[in-house]
Structure formats: structure tokens, C-alpha cells
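A.B. asks: Chains as they are written, first to last, in this note's numbering: chain U, 348 to 494; chain A, 40 to 245.
Just so you know, not all the hints are guaranteed correct.
[Claimed, not checked] Straight-line distance between alpha carbons at most 30 angstroms, and here's what the computed DSS-like set of lysine-lysine pairs gives:
| # | chain 1 | residue 1 | chain 2 | residue 2 |
| --- | --- | --- | --- | --- |
| 1 | U | K388 | A | K216 |
| 2 | A | K56 | A | K216 |
| 3 | A | K92 | U | K440 |
| 4 | U | K371 | U | K455 |
| 5 | U | K371 | U | K440 |
| 6 | U | K447 | A | K144 |
No wet-lab data here; the hints were simulated from the structure.
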Amino acid sequence: MVRAPDRLITAGLGSCIGICLLDKVAKIGGMAHIMLPSSEKARANQNRAKFADTAIEDMIALMVKMGASPKRITAKIAGGAQMFNIGSSDVMKIGERNSKAVVECLAKNGIPILAQDTGGNYGRTIIFDTASGELLIRTIGLGERVI
Amino acid sequence: MIEDFRDLTGLQLDALKEIGNIGAGNAATALAVMTGDRIDMSVPRVGILPFDKVAELVGGPDTQVVAIYFQVTGAANCNIMFILSIEKAVLLAELLMGVPPGDKKTLGNMELSAVAEAGNIISSTYLNALAMFTQMTLIPSPPAVGIDMAGALLDGVLALYGEVGDYVLVLENKFRKGDLDVIGHLFLLPEPEALDRILNALGVNF
């Protein structure tokens with residue numbers, strides 16, 4: 348969790364999703380790097396930041412504690428790729444499952460998604476600028492884009 | 040039941056390392072046949088790492104790497120991934136193709152083929168050694184090759200373990216010919232019950 352104009356970065360997103368939250372008015376932002384859709388089947392004392400549901404909950408709580416207003420928080424997300432094409436079982440389509448879970452959790456918490464760059468079969472490194480709200484996405488071989 | 044790699048004792052780690060050594064020995068033989076030349080292979084290190092440190096071993100999460108990935112089924116479900124940074128992959132290709140180092144600048148199709156084959160050999164020989172010691176039937180899938188950011192390639196596979204733990208087993212492999220050393224990493228990710236079964240079969244599960 349940071350205050351503008353800090354930038355947040357997470358590198359090498361494959362099936363993981365980078366969730367960037369921002370309260371532009373209070374100038375508070377956060378980024379989570381989640382690996383899995385749900386903490387339901389996780390053991391106790393697992394790292395909450397890995398799961399979409401708990402990461403989003405925790406981020407909102409932290410931002411509010413820093414002075415953000417939940418009604419003003421917006422999101423941008425990236426990742427959720429399927430890097431290898433092995434197997435058709437559910438387990439392997441983790442990128443897609445992560446995307447779905449993140450979209451659902453954000454909706455559940457009333458957070459609109461301003462932009463998303465998910466899917467595909469390539470890695471992404473993302474840099475979130477909390478001052479402008481811009482999300483820069485870098486890839487190997489497919490260039491950069493800003494959403 | 041052993042579920043977390045961190046619970047492995049020194050003895051158990053040694054057993055897994057020994058299998059790595061035997062696998063490496065077999066791989067060296069196979070590589071010699073493949074290249075008509077002698078390439079030494081060893082397993083210098085075995086370690087247990089937290090997920091977020093895995094990508095650092097190969098240069099960081101956004102380092103471009105070559106990854107060769109197998110799903111293993113049968114008596115124990117595992118995932119095997121052999122990873123090299125692009126620079127090391129090029130060096131390895133030079134080593135395998137018998138050209139002077141620095142000769143090649145990029146990883147073209149032929150070079151990638153050579154590296155993928157090496158990855159295939161190392162993974163298979165490791166698996167064979169494991170199968171031999173445990174008397175377990177282990178069936179590898181055909182290899183999937185990826186060239187992209189290390190973090191991205193590791194992601195989806197590590198996510199399978201995120202539900203039960205935060206640590207994986209890593210075996211480092213060193214390839215050497217003359218003065219040239221190339222280090223590649225073989226990641227063995229057994230699914231939780233699989234680790235237990237493997238340790239039992241090795242006779243080191245206490």
C-alpha cells in the first residue's frame with residue numbers, strides 16, 4: 348500500500364494476476380500478486396496475499412486504514428495467462444480461473460474495473476503509477492502497452 | 040505425513056540428492072551419445088526454496104528463460120521443469136553443438152531443439168533414477184517448451200502447490216565441458232501425497 352506518486356511493480360506474471368487498486372482522491376494505491384482463485388481449500392496460516400478473495404479483502408482494509416474510501420476505489424488488473432498448453436484439466440486452466448475469481452471478488456466488493464489485460468499465453472511485468480492511475484504492461488516480444 | 044518440504048531431514052534431502060546424482064550420471068552418458076562428445080554433469084546443490092525465491096535462481100522473474108516442463112503421473116504425481124536463462128541456454132546449445140562459446144548470439148530453432156533435448160534427457164534420466172530407487176511407475180508427459188519471463192513460466196506450475204505449501208524442491212545441475220560451465224536448474228515439484236510416497240519408497244520416511 349502506498350501513497351501517490353509512488354509506483355508499484357510486479358514482474359513475471361503468468362497465470363497469476365496483478366490487482367491494482369486506487370483511491371485517486373485520497374491518493375492511496377495498492378497492488379497484489381495473486382496465484383490462486385480462492386482461499387477456501389487452503390490450510391490455516393497460509394499467506395493470504397496469494398488468494399484472490401483474501402488479498403482483495405486485505406488490500407481494501409489496509410487502504411481504508413490509510414484513509415481511503417471504499418466507494419472511491421477503482422481497479423485495473425493484468426495477467427491470468429495460460430503459459431503451457433499441457434492438459435485440459437481444470438487445474439491447468441489456472442489463469443482463467445484466477446481472472447474469473449478476481450473479477451467476481453472485485454464486483455462483490457463494489458470495485459469497478461477500469462481496465463484489464465488478461466489471458467493470452469505470454470508473461471507480463473506491470474508497473475502501476477498511483478499518481479496518474481496508469482498501468483504499464485511490458486512483455487517479451489509483444490512490446491508494451493498502457494491501460 | 041510429510042507435506043511441507045521444510046520438514047525434510049538432512050537424511051531425506053541426501054536421499055533425494057543421491058537420486059539427482061545418479062540421474063545426472065545417466066544424463067551425462069546420454070548427452071555424450073547425443074553429441075559424440077563428453078559432457079560432465081553433476082548435481083551440485085539440493086535445496087528447499089520458498090516460491091518467491093525460485094525465479095531469482097534463474098535471474099529474476101522477468102528474465103527471459105527457456106523452460107521445459109513435464110507433468111508426471113503414475114504412482115506419484117509430480118511436475119518437472121528444467122530452466123535456463125536465455126544466455127545460459129545459448130551457451131548450452133554451443134556446448135552441445137560443439138561450437139566455440141560466443142559463436143552464437145541467439146537461440147534459433149536448432150539451438151532451442153538442442154536445449155529442449157537436453158532438458159528432456161535430464162528430466163527423463165532423473166525420473167528413471169527415481170523410478171528405479173522407488174520401484175514406482177512414473178510416466179512423463181511429452182515436454183512443453185516455453186520461452187518467456189521466468190516468473191510467468193513458473194507461475195502456473197507453482198500455483199498447483201500454493202494450496203498446500205509455500206516451498207518447492209530444487210536440484211541444481213551443472214554441465215561442464217573443459218573450462219565451460221553452464222548451470223541449469225531442475226525443479227521437482229511432487230504433489231504432497233506424492234512426496235510422502237516417494238520418501239516411503241526410498242525407505243527414509245520416519
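A.B. asks: Please go over all the hints and tell whether each is borne out by the structure.
C.D. replies: Each hint, compared with the structure:
1. U:K388 with A:K216: Violated, at roughly 48 angstroms.
2. A:K56 with A:K216: holds (22 angstroms)
3. A:K92 with U:K440: holds (24 angstroms)
4. U:K371 with U:K455: OK: K371 (chain U) and K455 (chain U) at ~20 angstroms, within 30 angstroms.
5. U:K371 with U:K440: At roughly 34 angstroms apart (the allowed maximum being 30 angstroms), K440 (chain U) and K371 (chain U) break the hint.
6. U:K447 with A:K144: Distance of about 41 angstroms is beyond 30 angstroms: violated.
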